[in-house]
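Undergrad: Okay, here's what each chain looks like letter by letter:
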Amino acid sequence: MVRPHRLEDLALVEENRPLGGQVFLLRLAAPWVAGRVQPGQFVMVGCADPLARQDDPLLLRPLGVAGKEGETISLLVRIKGRGTGWLAGRSPGEPLKVRGPLGRAFPKASGERVLLLAGGIGLPPLLLAHQLLAGQGRCLTEMILGVPDGSWKGVADYTRSLVPGLTLTSDDGSLGTRGNALSALPPEPEEVWACGPKAMLSGLVSRLPAETRVWVSLEARMGCGYGGCYGCSVPVRGGLSRACTEGPVFEGREVRWDELA
Amino acid sequence: MSWPDLEISLSGLELATPLIAASGVWPLSPGLWPRESLAGLGAVCSKGLTLKPRPGNPGIRLWETPSGLLNSIGLQNPGLEVFLDQDLPQMAAAGRPIIVNLAPESQEEIGRMLVLLAGRADQIGAVELNLSCPNVSRGGMAWGISPQGVARATGLARAAWPGRLWVKLTPQAPDLGEAARAAEESGADVVVAANTWLGLAMDLERTRPVFDRVTAGLSGPAIFPLSLRLVWEAAGEVTIPVVASGGVSSWEDAAAMILAGAAAVEVGTGLLSDLSLPEKICQGLDRYLKKLNYDSISELKGKGRI
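Residue numbers (the numbering used here), protein chains in the order written: chain A, 1 to 261; chain B, 1001 to 1306.
Please keep in mind that the hints were generated in silico from the structure rather than gathered at the bench. Careful: at least some of the hints might be erroneous.
Taking CB as the label site, the calculated pair distances span [what the hints assert, rightly or not]:
no., chain 1, residue 1, chain 2, residue 2, range
1, B, I1306, A, W257, 29 to 37 Å
2, B, P1053, A, D172, 42 to 50 Å
3, A, E94, B, S1146, 23 to 31 Å
4, B, R1305, A, H5, 40 to 48 Å
5, A, A261, B, A1094, 31 to 39 Å
Beyond 12 Å from chain B on every Cβ pair, some chain A residues (computed) [stated by the list, open to error]:
no., residue
6, H5
7, S202
8, V205
By construction, the Cβ of each residue, glycine as well, lies at the ideal position given by its N, Cα and C atoms.
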């Protein structure tokens, strides 16, 4: 009746590797997440010592899962404020509070080809999607990654090491071709899974023909992550949905983009 | 895990622990309930319910502050009738008493809402009348501020609901003790002290307030000492049980509330940062009682009053 699994436990940092562009790769031993996480799902990570009082920063930070291997999950985190700044300073062996896996994953690919479109730090869920779809061998995936500038070289290299045929774009032309991720969109993709800035996602949805399936993963300010607080409501057709529970993956045309904060 | 020394009876409602999930942080659907939180909870409060469905507030709804959280959710809920049809039966079957938090938007709605609960008493541990939501323009806090408003709303609810009636007060009341006494004199079985504190955040990038409604409710560890003072004041004025609510995020906080006179303690924002908080509080209280050589948590109640 209630959730069948425990959501929250301590994970141990296995690796913390700066990749440039204020982004770092955090690998955590979190077996209860690694065993169940699906592409598009996320975890919430505490940004204070979990063995002391965790008053400040108070809230856990929602982070998309980028990969899993055995009992380990990978996160790609961009330093944005106090919480992520604290996370950037963690060393192997340190414990972190992790809650997850949370949210609804991308649905099963309905066709044979899925295009993965990543804008900046929207990359993580698509990396996990690539890992699992490629692993199943049932579905051909291509990935486009758009980054701001050359400072993201480490992120691009890391992505290319996992996705050999990666198409790379950068706003200033210093990595891959000049332009944003959308500028590399092929003419008639069969199905697109995307995560990135709102402008990229809404632009994608408006550009695709109505018959193209498009799923987007949305970022939202979050309180609980488990469906209690309604802090992460996003406007969708017919009302409001919780990014943490009905999302973060939504059918692209269901989102009321003009009202999205 | 059970803690026999933590069992309480709250105006006749038996609770396995004195901890209650506060309204606003606990999902309506039991399928979403975190099992590790439920382990330490004696009861759960529903989201704040209005007669008609409410979409909640537009714009930013959450803003983290030092050791605190401002929220302006605005009572997003499916409406009382949908709740009674779809959520309450499932919630009631999940093994904890359900406290139904009602947030009427007019005095006339108080009676109309409570009439809808008739015949459902077996599924309802208590009604928590919310006279304290700071994030809506009608009802709520506007009544809770004055003893007359509290008395009027409580009296209307009492006349329409024979079951247990809790009244959740607002810290914006200039004299919480007076508000608590007004609730007791008008028929409340329990007073809850209290709710979020009115605050504001400024968005420096947009050079305007963060929240569309300008003000929002502050919760979390930052408000704990303020809440403890309110519980002290309320417990000094009433003979009915006082339930503490506001910033509890450790067993020490819960113990302090009980020492000040609280019979039970709600946890809200504390769950956001630690799903195991209720269980940890139970373990801490259990150890504390043993250290003091008390057999029951009720022996601790009010022990700190001088």
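Undergrad: Hints first: check each against the structure and report whether it holds.
TA: Right, here's what the structure says about each hint:
1. The beta-carbon spacing between B:I1306 and A:W257, approximately 60 Å, falls outside the hinted interval of 29 to 37 Å.
2. The hinted range of 42 to 50 Å is satisfied by B:P1053 and A:D172, whose Cβ atoms lie roughly 48 Å apart.
3. Between A:E94 and B:S1146 the beta carbons are some 51 Å apart, a value that contradicts the proposed interval 23 to 31 Å.
4. Between B:R1305 and A:H5 the CB atoms are about 43 Å apart, so this pair conforms to the stated range of 40 to 48 Å.
5. Take A:A261 and B:A1094: their Cβ atoms lie about 33 Å apart, and the range 31 to 39 Å holds.
6. At the 12 Å boundary, the C-beta of A:H5 falls inside the reach of chain B, the nearest C-beta of that chain being 8 Å off.
7. No beta-carbon of chain B is positioned within 12 Å of the beta-carbon of A:S202; the least distance is around 18 Å.
8. Remark: the non-interface label on A:V205 is consistent with the geometry, its nearest Cβ contact in chain B lying 21 Å away (cut-off 12 Å).
Checked against the numbered hints given earlier, this structure breaks hints 1, 3, 6; the rest are met.
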